[in-house]
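Undergrad: Sequence:
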Amino acid sequence: MPAVGVSVHYDVGFRSEPEGRTGFAHLFEHLMFQGSESIGRLEHFQRVQAAGGTANGSTHQDHTDYYQVVPAAALEQVLFLEADRMRAPRLTEDSLRTQVEVVKEEIRLNVLNRPYGGFPWTVLPGVLYDTYPNAHNGYGDFRDLEQATVEECAAFFDTYYPPANAVLTIAGDFDPDRALDLVRRHFGDIPARPEPAAVPLLEPPSTGARSGEHPDRHAPAPALAAGYRMPDPATELDAYLAQMLLSTVLTGTSTARLKRRLTHGTPLVTDISTGCGLFGALTARAPDTFLVVATHDAATAPERILDVLDEELADLAAHGPRGDELTRAAMRAAAGMHRKHDGLEARTRSLGTLEVLYGRAELVDQLPDRLAAVTADGLAAAAAALRPDARAVLRLVPTDRAAEDPAGRPADSPASRPAEYAADRPADQEPEHVP
Numbered sequence: 015m016p017a018v019g020v021s022v023h024y025d026v027g028f029r030s031e032p033e034g035r036t037g038f039a040h041l042f043e044h045l046m047f048q049g050s051e052s053i054g055r056l057e058h059f060q061r062v063q064a065a066g067g068t069a070n071g072s073t074h075q076d077h078t079d080y081y082q083v084v085p086a087a088a089l090e091q092v093l094f095l096e097a098d099r100m101r102a103p104r105l106t107e108d109s110l111r112t113q114v115e116v117v118k119e120e121i122r123l124n125v126l127n128r129p130y131g132g133f134p135w136t137v138l139p140g141v142l143y144d145t146y147p148n149a150h151n152g153y154g155d156f157r158d159l160e161q162a163t164v165e166e167c168a169a170f171f172d173t174y175y176p177p178a179n180a181v182l183t184i185a186g187d188f189d190p191d192r193a194l195d196l197v198r199r200h201f202g203d204i205p206a207r208p209e210p211a212a213v214p215l216l217e218p219p220s221t222g223a224r225s226g227e228h229p230d231r232h233a234p235a236p237a238l239a240a241g242y243r244m245p246d247p248a249t250e251l252d253a254y255l256a257q258m259l260l261s262t263v264l265t266g267t268s269t270a271r272l273k274r275r276l277t278h279g280t281p282l283v284t285d286i287s288t289g290c291g292l293f294g295a296l297t298a299r300a301p302d303t304f305l306v307v308a309t310h311d312a313a314t315a316p317e318r319i320l321d322v323l324d325e326e327l328a329d330l331a332a333h334g335p336r337g338d339e340l341t342r343a344a345m346r347a348a349a350g351m352h353r354k355h356d357g358l359e360a361r362t363r364s365l366g367t368l369e370v371l372y373g374r375a376e377l378v379d380q381l382p383d384r385l386a387a388v389t390a391d392g393l394a395a396a397a398a399a400l401r402p403d404a405r406a407v408l409r410l411v412p413t414d415r416a417a418e419d420p421a422g423r424p425a426d427s428p429a430s431r432p433a434e435y436a437a438d439r440p441a442d443q444e445p446e447h448v449p
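Using our numbering, the first residue of the sequence shown is number 15, and each one after it goes up by one.
Don't read these hints as lab results, they were simulated from the structure. C-beta: ideal position from N, C-alpha, C; glycine also. A few of these clues could be false.
What the hints assert, rightly or not - In the DMTMM-like style, the derived pairs of lysine to aspartate or glutamate whose C-alpha atoms are separated by at most 20 Å in a straight line are: (1) 273 to 325; (2) 273 to 329; (3) 354 to 338; (4) 273 to 166; (5) 118 to 90; (6) 273 to 339; (7) 354 to 369; (8) 273 to 209; (9) 273 to 285; (10) 118 to 160; (11) 118 to 187; (12) 273 to 321; (13) 354 to 187; (14) 354 to 376; (15) 118 to 108; (16) 273 to 227; (17) 273 to 217; (18) 354 to 317; (19) 273 to 326; (20) 354 to 285; (21) 354 to 326.
Stated by the list, open to error - DEER-style ranges, computed between Cβ atoms: (22) 252 to 329: 31 to 41 Å; (23) 311 to 225: 19 to 29 Å; (24) 160 to 54: 25 to 35 Å; (25) 87 to 217: 45 to 55 Å; (26) 190 to 281: 24 to 34 Å; (27) 333 to 280: 20 to 30 Å; (28) 413 to 32: 27 to 37 Å; (29) 252 to 199: 34 to 44 Å.
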């Protein structure tokens, strides 16, 4: 059956939320599903599902996206739904209080009562970065969530949800001319509002190694996360892509460098992974983070794991990749890109993400070739950039008691995945989580 994907990406994420309102961007994403000018509460999901489609939303560092995949015949229905909430969402005290409790329960489920909940994406940035936008916990503190007001929600909508701050994406089986007519029909009369000022994100380079400790009362074994600041994909895309291939060289297969040294023979870790970006590659503006995450036995000192990591990075920086190591990594990464974007939902969302963040939706089709063009020198430079004196290391320590504030509430709560809408949906409409 012919199908279309439709997404609306807004240039706002949890790095845009004001101090004292951690978790506000994710909370507002919930509210955007609570009805709009012509649509009742839950009706968005109901209409999409009745048409045979699926819908969801997600909040990231620098963007929030709302997306659906439906039969092609339902394109106008979805465009109407998205335009209606862009024009005027229903922001009521009852909906706000309900969704505050929903978000708090989501944090309990994904964080407070879950082993390794929040490790490392909400806690490592606080060690690696200095400024509030980059360092704070995007899932939110309970106290901040509880203090949110309807007036603040209305101001947030007015500031960050104008048409000028959004990217509409349509992908799949549709007639472009008819689609353009429908977009004009449903979006054309939405009142214009100014585009908001960009949130200042840049920080001075890190001047030394940083470290921290994170208690976890549910974790069965210790873990560590090392984070490094990455090149800016907007201005240094080739250097960024080289770090994507570096991740594949280090942990992309069972015989990759770190897997071979740390999990084979006498194992130092039970699992190790690397990756670009807190939520995946090319999903945020600079600064973003190259991650190394490992779980290990209590008898293994974290320094031993870091020593092996540094040895492999130093070898790559000095000698480059061995044999066909680079070719295999490039082929694997390119194949992964092709597989990902073969799915209509992922392709629709990636087009919108790359456009709203960098103004380059065309990268969806260009990335496999750009990855294949990374040179051995580029990979060596990527390894050399991950210096021990420019990283943050966060140790997760199993403990009998989670950190609490004096009132006995959870401290600033982390989460293991990007904040996603996960409540008040039809029972069989489960949330899709971004890795």
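Undergrad: Each of the hints needs a verdict: does it hold here or not?
TA: Now the hints, each set against the structure:
Taken as a hint, the residue 273 and residue 325 pair is honoured in the structure, with Cα atoms around 14 Å apart against an allowance of 20 Å. Note on residue 273 and residue 329: the hinted pairing holds, with a Cα-Cα distance of about 16 Å set against a maximum of 20 Å. As the CA atoms of residue 354 and residue 338 are separated by approximately 24 Å, the hinted pair breaks the 20 Å bound. The straight-line distance between the Cα atoms of residue 273 and residue 166 is roughly 48 Å, outside the 20 Å bound, and the hint therefore fails.
Straight-line distance between C-alpha atoms of residue 118 and residue 90 comes to about 35 Å, which puts the hinted pair past the 20 Å bound. This hinted pair checks out: residue 273 and residue 339 have alpha carbons roughly 14 Å apart, not beyond 20 Å. The hinted pair formed by residue 354 and residue 369 meets the criterion: a straight-line CA distance of about 17 Å does not exceed 20 Å. Among the hinted pairs, residue 273 with residue 209 is inconsistent with the structure: their alpha-carbon atoms are about 46 Å apart, more than 20 Å.
For the suggested pair residue 273 and residue 285, the alpha carbons sit about 8 Å apart, so the restraint of at most 20 Å is met. Of the pairs offered as hints, the one joining residue 118 and residue 160 holds, with about 9 Å between alpha carbons and a cut-off of 20 Å not exceeded. Annotation: proposed proximity of residue 118 to residue 187 is violated, straight-line Cα distance about 39 Å (limit 20 Å). For a cut-off of 20 Å, the pair hint linking residue 273 to residue 321 stands: about 14 Å separates their Cα positions.
This hinted pair checks out: residue 354 and residue 187 have alpha carbons roughly 18 Å apart, not beyond 20 Å. Distance check on the hinted pair: residue 354 and residue 376 sit about 15 Å apart at the alpha-carbon level, within 20 Å; holds. Only pairs whose Cα atoms come within 20 Å are accepted, and residue 118 paired with residue 108 is accepted, the gap being roughly 16 Å. For the proposed pair residue 273 and residue 227, the alpha carbon gap of about 24 Å is over 20 Å, so the pair is violated.
Under the criterion of a C-alpha separation no larger than 20 Å, the hint pairing residue 273 with residue 217 is inconsistent with the structure, at around 33 Å. Under the criterion of a C-alpha separation no larger than 20 Å, the hint pairing residue 354 with residue 317 is inconsistent with the structure, at around 36 Å. The hinted pair formed by residue 273 and residue 326 meets the criterion: a straight-line CA distance of about 11 Å does not exceed 20 Å. Between the alpha carbons of residue 354 and residue 285 the distance comes to roughly 24 Å, so the proposed pair goes past 20 Å and is violated.
The straight-line distance between the Cα atoms of residue 354 and residue 326 is roughly 29 Å, outside the 20 Å bound, and the hint therefore fails. The beta-carbon spacing between residue 252 and residue 329, approximately 22 Å, falls outside the hinted interval of 31 to 41 Å. Hint check: residue 311 to residue 225, Cβ distance near 20 Å, so the stated range 19 to 29 Å holds. For the pair residue 160 and residue 54, the beta carbons lie near 26 Å from each other, so the given range of 25 to 35 Å is met.
Restraint check, residue 87 to residue 217: a C-beta distance of roughly 49 Å satisfies the suggested window 45 to 55 Å. Distance hint check for residue 190 and residue 281: the Cβ-Cβ separation is about 54 Å, which falls outside the suggested range of 24 to 34 Å. The hint said 20 to 30 Å for the Cβ distance between residue 333 and residue 280, and at roughly 25 Å that hint holds. A C-beta distance of roughly 32 Å is found between residue 413 and residue 32, which places it inside the suggested range of 27 to 37 Å.
Taken as a hint, the range 34 to 44 Å holds for the pair residue 252 and residue 199, whose Cβ atoms sit roughly 42 Å apart.
Checked against the numbered hints given earlier, this structure breaks hints 3, 4, 5, 8, 11, 16, 17, 18, 20, 21, 22, 26; the rest are met.
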